[in-house]
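As they're listed, the protein sequences go chains R and H. Using my numbering, you'd call the opening residue of the first sequence number 3 and step up by one each time. Using my numbering, you'd call the opening residue of the second sequence number 3 and step up by one each time.
Treat the hints as calculated values from the structure; they're not laboratory data. Each hint should be verified, as a subset may be incorrect.
Put simply, identical chains are the same to the list, so a pair is met inside one copy or across any two.
[As the list claims (entries may be wrong)] Cross-link-like lysine-lysine pairs, in silico, BS3-like; alpha carbons within 27 Å at most: (1) K430 / K186; (2) K79 / K366; (3) K58 / K371; (4) K26 / K297; (5) K186 / K110; (6) K79 / K26; (7) K186 / K63; (8) K99 / K225; (9) K369 / K388; (10) K58 / K366; (11) K366 / K99; (12) K77 / K26; (13) K77 / K335; (14) K58 / K297; (15) K79 / K103; (16) K26 / K103; (17) K8 / K371; (18) K8 / K225; (19) K297 / K388; (20) K186 / K26; (21) K369 / K63; (22) K174 / K58; (23) K63 / K366; (24) K335 / K79; (25) K26 / K225; (26) K110 / K297; (27) K335 / K174; (28) K174 / K79; (29) K103 / K388.
These are the residues of each chain, in order.
Protein chains: 2
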Amino acid sequence: MAAMSKIATGNGHGENSPYFDGWKAYETDPFHPIDRPEGVIQMGLAENQLCFDVIKKWLVKHPEASLCSAQGVTKFKEAALFQDYHGMPEFRRAVAKFMGKVRGDRVKFDPERIVMSGGATGAHEMVAFCLADPGEAFLVPTPYYPGFDRDLKWRTGVELVPINCESSNSFKITREAMEAAYVKAQEANLRVKGLLLTNPSNPLGTILDRDTLKNIVSFVNEKNIHLIGDEIYAATVFMEPEFVSISEIIEADDVECNRDLIHIVYSLSKDMGFPGFRVGIVYSYNDAVVSCARKMSSFGLVSSQTQHLIASMLSDDDFVDNFIVESRELLFKRHNYFTWSLSQVGIGCLKSNAGLFIWMDLRKLLKDKTFEAEMELWRVIINDVKLNVSPGSSFHCDEPGWFRVCFANMDDNTMEVALLRIRTFVLKNNKAMVPPIKLCRRSSLKLSLSRSLSRRMDDLMSPGIMSPHSPLPQSPLVRART
Amino acid sequence: MAAMSKIATGNGHGENSPYFDGWKAYETDPFHPIDRPEGVIQMGLAENQLCFDVIKKWLVKHPEASLCSAQGVTKFKEAALFQDYHGMPEFRRAVAKFMGKVRGDRVKFDPERIVMSGGATGAHEMVAFCLADPGEAFLVPTPYYPGFDRDLKWRTGVELVPINCESSNSFKITREAMEAAYVKAQEANLRVKGLLLTNPSNPLGTILDRDTLKNIVSFVNEKNIHLIGDEIYAATVFMEPEFVSISEIIEADDVECNRDLIHIVYSLSKDMGFPGFRVGIVYSYNDAVVSCARKMSSFGLVSSQTQHLIASMLSDDDFVDNFIVESRELLFKRHNYFTWSLSQVGIGCLKSNAGLFIWMDLRKLLKDKTFEAEMELWRVIINDVKLNVSPGSSFHCDEPGWFRVCFANMDDNTMEVALLRIRTFVLKNNKAMVPPIKLCRRSSLKLSLSRSLSRRMDDLMSPGIMSPHSPLPQSPLVRART
Numbered sequence: 003m004a005a006m007s008k009i010a011t012g013n014g015h016g017e018n019s020p021y022f023d024g025w026k027a028y029e030t031d032p033f034h035p036i037d038r039p040e041g042v043i044q045m046g047l048a049e050n051q052l053c054f055d056v057i058k059k060w061l062v063k064h065p066e067a068s069l070c071s072a073q074g075v076t077k078f079k080e081a082a083l084f085q086d087y088h089g090m091p092e093f094r095r096a097v098a099k100f101m102g103k104v105r106g107d108r109v110k111f112d113p114e115r116i117v118m119s120g121g122a123t124g125a126h127e128m129v130a131f132c133l134a135d136p137g138e139a140f141l142v143p144t145p146y147y148p149g150f151d152r153d154l155k156w157r158t159g160v161e162l163v164p165i166n167c168e169s170s171n172s173f174k175i176t177r178e179a180m181e182a183a184y185v186k187a188q189e190a191n192l193r194v195k196g197l198l199l200t201n202p203s204n205p206l207g208t209i210l211d212r213d214t215l216k217n218i219v220s221f222v223n224e225k226n227i228h229l230i231g232d233e234i235y236a237a238t239v240f241m242e243p244e245f246v247s248i249s250e251i252i253e254a255d256d257v258e259c260n261r262d263l264i265h266i267v268y269s270l271s272k273d274m275g276f277p278g279f280r281v282g283i284v285y286s287y288n289d290a291v292v293s294c295a296r297k298m299s300s301f302g303l304v305s306s307q308t309q310h311l312i313a314s315m316l317s318d319d320d321f322v323d324n325f326i327v328e329s330r331e332l333l334f335k336r337h338n339y340f341t342w343s344l345s346q347v348g349i350g351c352l353k354s355n356a357g358l359f360i361w362m363d364l365r366k367l368l369k370d371k372t373f374e375a376e377m378e379l380w381r382v383i384i385n386d387v388k389l390n391v392s393p394g395s396s397f398h399c400d401e402p403g404w405f406r407v408c409f410a411n412m413d414d415n416t417m418e419v420a421l422l423r424i425r426t427f428v429l430k431n432n433k434a435m436v437p438p439i440k441l442c443r444r445s446s447l448k449l450s451l452s453r454s455l456s457r458r459m460d461d462l463m464s465p466g467i468m469s470p471h472s473p474l475p476q477s478p479l480v481r482a483r484t
Numbered sequence: 003m004a005a006m007s008k009i010a011t012g013n014g015h016g017e018n019s020p021y022f023d024g025w026k027a028y029e030t031d032p033f034h035p036i037d038r039p040e041g042v043i044q045m046g047l048a049e050n051q052l053c054f055d056v057i058k059k060w061l062v063k064h065p066e067a068s069l070c071s072a073q074g075v076t077k078f079k080e081a082a083l084f085q086d087y088h089g090m091p092e093f094r095r096a097v098a099k100f101m102g103k104v105r106g107d108r109v110k111f112d113p114e115r116i117v118m119s120g121g122a123t124g125a126h127e128m129v130a131f132c133l134a135d136p137g138e139a140f141l142v143p144t145p146y147y148p149g150f151d152r153d154l155k156w157r158t159g160v161e162l163v164p165i166n167c168e169s170s171n172s173f174k175i176t177r178e179a180m181e182a183a184y185v186k187a188q189e190a191n192l193r194v195k196g197l198l199l200t201n202p203s204n205p206l207g208t209i210l211d212r213d214t215l216k217n218i219v220s221f222v223n224e225k226n227i228h229l230i231g232d233e234i235y236a237a238t239v240f241m242e243p244e245f246v247s248i249s250e251i252i253e254a255d256d257v258e259c260n261r262d263l264i265h266i267v268y269s270l271s272k273d274m275g276f277p278g279f280r281v282g283i284v285y286s287y288n289d290a291v292v293s294c295a296r297k298m299s300s301f302g303l304v305s306s307q308t309q310h311l312i313a314s315m316l317s318d319d320d321f322v323d324n325f326i327v328e329s330r331e332l333l334f335k336r337h338n339y340f341t342w343s344l345s346q347v348g349i350g351c352l353k354s355n356a357g358l359f360i361w362m363d364l365r366k367l368l369k370d371k372t373f374e375a376e377m378e379l380w381r382v383i384i385n386d387v388k389l390n391v392s393p394g395s396s397f398h399c400d401e402p403g404w405f406r407v408c409f410a411n412m413d414d415n416t417m418e419v420a421l422l423r424i425r426t427f428v429l430k431n432n433k434a435m436v437p438p439i440k441l442c443r444r445s446s447l448k449l450s451l452s453r454s455l456s457r458r459m460d461d462l463m464s465p466g467i468m469s470p471h472s473p474l475p476q477s478p479l480v481r482a483r484t
């Protein structure tokens with residue numbers, strides 16, 4: 003056979019990871035309430051399905067946003083032909099405005115700096131191509147999204163060097179950890195070209211505080227390296243403290259920053275639940291990167307049909323304002339209910355206020371403190387409990403026993419089945435962990451907490467890790483429901 | 003400023019080409035019949051706008067193909083979430099069927115081999131990434147599409163080596179020319195990994211005959227190199243002889259072929275006029291390439307909204323059958339009228355039967371036979387005549403004096419303005435070229451030839467190049483109209 007490329011014959015895609023293996027396990031035996039009640043439940047996919055009713059309502063009211071309707075077809079020619087690298091002006095304006103609104107309108111985004119890409123996947127690759135040559139490196143705090151190994155490294159030849167963060171201080175990104183990673187890269191003869199930050203964090207579901215962000219900005223300024231801020235979960239912050247974007251930090255008076263170093267990756271795949279639409283954005287404060295990325299966007303332009311729809315939808319201020327509030331409320335309720343239910347069976351998780359997942363702490367269920375034991379436990383969960391959750395090792399976590407579990411990609415009933423399976427499993431394997439509380443009747447399980455109530459509930463938990471031994475079961479709220 | 007990558011700071015994008023300069027000239031002063039009647043007319047963009055009425059009729063009849071309608075919104079969730087690398091099964095089925103129909107149903111395409119990419123642009127880059135390492139080469143017959151230098155080379159580091167084809171034999175791709183290019187690459191220490199063929203040719207507007215295709219297949223088999231067949235203009239063949247796809251050649255009994263070497267790039271940007279929708283396809287007979295390309299498609303997946311629309315539209319057999327016939331008829335009429343009108347002012351072009359452009363022969367207008375003279379003439383055409391046409395040098399043509407002129411991206415009235423400008427220019431600059439024929443009144447200019455009549459007209463022309471001194475002005479057809 004004629005030779006293919008090293009990229010094609012190598013394994014840089016990183017598909018041989020438990021993260022993707024879990025997806026495959028789901029695909030071969032997907033759960034269905036009637037057809038496959040024993041199938042695998044997909045909890046490895048960070049999808050936001052909760053906000054779809056809000057979006058569908060808007061869609062049916064706006065046939066003009068479609069090209070297949072008497073109202074919309076007049077725009078067909080313009081849309082079908084449109085292939086400008088820049089993107090439709092109304093699309094860029096609407097996305098820039100949405101990015102601002104998501105950040106509480108505390109910062110403005112310039113439509114001229116909006117560059118399209120094929121989802122966040124394409125955006126990350128594009129930025130890597132713009133900033134680094136093969137063999138050069140980006141620092142990335144751990145744990146981090148497994149797809150980065152594909153997106154940033156595979157076709158670009160760029161390397162990722164972990165900044166090791168630890169559970170002992172809630173995976174905080176410290177100056178020491180950044181310096182250590184920088185030195186390690188230099189020792190490996192890798193020129194460091196940047197730091198990749200995900201905020202809110204995937205998989206942690208946490209956001210970075212202002213001081214940490216300032217430290218990171220100082221660090222990249224001192225080293226004269228780029229900062230890529232992945233903020234694709236910005237609108238999923240469902241609870242205080244509020245989200246702080248890197249763009250707010252660099253615009254603050256008290257921060258010295260060379261803006262040419264700052265680049266944001268954005269997307270509508272998570273915040274709006276549109277992964278299929280492939281709306282990825284590179285927003286750079288660096289003119290040269292905007293110019294180069296715009297040329298590269300020819301490899302991943304957003305379909306003009308989708309630009310047209312997004313421009314129409316996101317130009318509707320009332321819709322957007324309502325969407326942001328409603329989507330957060332839905333995530334808030336689901337997150338609280340899910341973590342509360344886990345706590346009832348003795349499972350804790352990292353305290354979080356964002357994202358479509360939790361960082362579940364199963365350290366106590368490990369036979370020993372090794373990644374082999376983590377994989378063993380993961381195989382039981384996927385093969386016997388039939389839940390596709392992702393082991394921390396696939397997120398480059400430094401410590402075994404953590405698992406990312408997605409909670410927004412399923413309906414209430416599927417969530418109940420998943421919780422029931424978890425409870426059964428824990429009861430069977432580690433009775434000591436579970437406080438003797440009877441599970442609520444299914445019909446009464448739907449928690450609908452007000453914001454203030456939930457904050458109270460949250461306050462009851464420990465500041466760092468939500469402990470399975472938190473006083474929650476004794477709270478008036480829980481007593482009222484059991 | 004912190005360093006960017008060599009890709010970003012180099013000029014591998016190839017934007018500093020008269021091909022793109024022409025686009026920029028158009029963008030700064032675009033023609034509009036009322037607002038900018040003196041503006042530049044865009045004849046550098048191979049867009050198919052002629053078929054839009056046919057498509058719009060279908061669209062308004064099918065609101066269920068939209069996601070923003072009461073009929074279509076039930077599919078919203080599935081579509082918005084859909085991000086599978088494979089693409090929606092109904093999308094792949096519909097595209098495979100369409101590819102077959104476009105090729106007269108003489109060959110079948112397997113939906114399992116359909117891989118999505120972000121337009122043909124993304125498809126070409128994807129194939130290059132799959133097949134070759136940086137510094138390895140593909141052979142490409144000249145003249146060829148300027149975008150290949152960006153698509154295949156820019157981010158991949160792959161090289162293109164021209165196979166020099168000449169006007170003396172109508173730019174035929176000969177075995178000798180292929181061998182010469184192969185040797186030249188070897189002499190430059192470039193390992194040849196494949197041959198890239200565009201059929202129908204852009205910019206020539208011609209198709210390859212069966213013998214030439216067989217020769218090329220033999221060549222790649224002997225050398226054990228890959229063959230990438232770019233067939234994105236397959237449905238634009240508007241006149242006999244009929245199109246022969248590389249897939250028909252490899253399935254023929256009399257051809258020995260290792261199918262692992264054969265890959266087709268397809269798109270709906272030209273055949274259906276949907277460049278904005280970014281529907282690119284890699285169709286490979288090589289399982290390993292299908293597998294690798296599918297993984298790479300995460301960087302350029304087709305928007306699921308667009309997959310949904312295309313699946314609905316192309317599953318409608320009646321629509322597709324009618325579309326293929328109507329679109330060809332419209333291109334046929336426009337092409338014949340345009341080339342006939344040029345011949346009236348003494349301008350010839352390469353005889354062609356496909357594509358959205360002609361290969362115009364202005365060799366007689368050059369001051370001398372150099373590329374400097376070609377650029378000088380091109381600057382006059384773009385700055386004074388105000389037509390964005392593309393000089394042959396930007397297509398790597400070996401001989402100065404050829405220009406690609408697109409004819410399907412404008413309405414009839416704009417076409418008339420363009421023709422009037424050309425006539426005025428030629429009259430002023432080279433009166434000897436123009437036969438003394440009075441230009442028809444505008445209202446009577448719309449030519450509507452039947453197929454058989456036009457073929458007769460075509461037969462009157464010389465077999466290779468349509469000569470400005472062809473007997474056409476004396477034909478009964480022309481006399482009847484003047």
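Each hint, compared with the structure:
| no. | hint | in the structure |
| --- | --- | --- |
| 1 | K430 / K186 | neither (44 Å within a copy, 71 Å between copies) |
| 2 | K79 / K366 | neither (60 Å within a copy, 38 Å between copies) |
| 3 | K58 / K371 | neither (47 Å within a copy, 63 Å between copies) |
| 4 | K26 / K297 | between (35 Å within a copy, 14 Å between copies) |
| 5 | K186 / K110 | neither (37 Å within a copy, 55 Å between copies) |
| 6 | K79 / K26 | between (40 Å within a copy, 21 Å between copies) |
| 7 | K186 / K63 | neither (56 Å within a copy, 62 Å between copies) |
| 8 | K99 / K225 | neither (32 Å within a copy, 55 Å between copies) |
| 9 | K369 / K388 | within (20 Å within a copy, 77 Å between copies) |
| 10 | K58 / K366 | neither (43 Å within a copy, 62 Å between copies) |
| 11 | K366 / K99 | neither (46 Å within a copy, 55 Å between copies) |
| 12 | K77 / K26 | between (40 Å within a copy, 24 Å between copies) |
| 13 | K77 / K335 | between (40 Å within a copy, 26 Å between copies) |
| 14 | K58 / K297 | neither (34 Å within a copy, 31 Å between copies) |
| 15 | K79 / K103 | between (31 Å within a copy, 24 Å between copies) |
| 16 | K26 / K103 | neither (37 Å within a copy, 34 Å between copies) |
| 17 | K8 / K371 | neither (37 Å within a copy, 44 Å between copies) |
| 18 | K8 / K225 | between (33 Å within a copy, 20 Å between copies) |
| 19 | K297 / K388 | between (45 Å within a copy, 26 Å between copies) |
| 20 | K186 / K26 | neither (35 Å within a copy, 47 Å between copies) |
| 21 | K369 / K63 | neither (55 Å within a copy, 62 Å between copies) |
| 22 | K174 / K58 | neither (39 Å within a copy, 55 Å between copies) |
| 23 | K63 / K366 | neither (51 Å within a copy, 60 Å between copies) |
| 24 | K335 / K79 | between (43 Å within a copy, 21 Å between copies) |
| 25 | K26 / K225 | neither (41 Å within a copy, 38 Å between copies) |
| 26 | K110 / K297 | within (24 Å within a copy, 36 Å between copies) |
| 27 | K335 / K174 | within (26 Å within a copy, 68 Å between copies) |
| 28 | K174 / K79 | neither (51 Å within a copy, 36 Å between copies) |
| 29 | K103 / K388 | neither (39 Å within a copy, 44 Å between copies) |
Checked against the numbered hints above, the structure violates hints 1, 2, 3, 5, 7, 8, 10, 11, 14, 16, 17, 20, 21, 22, 23, 25, 28, 29; every other hint is satisfied.
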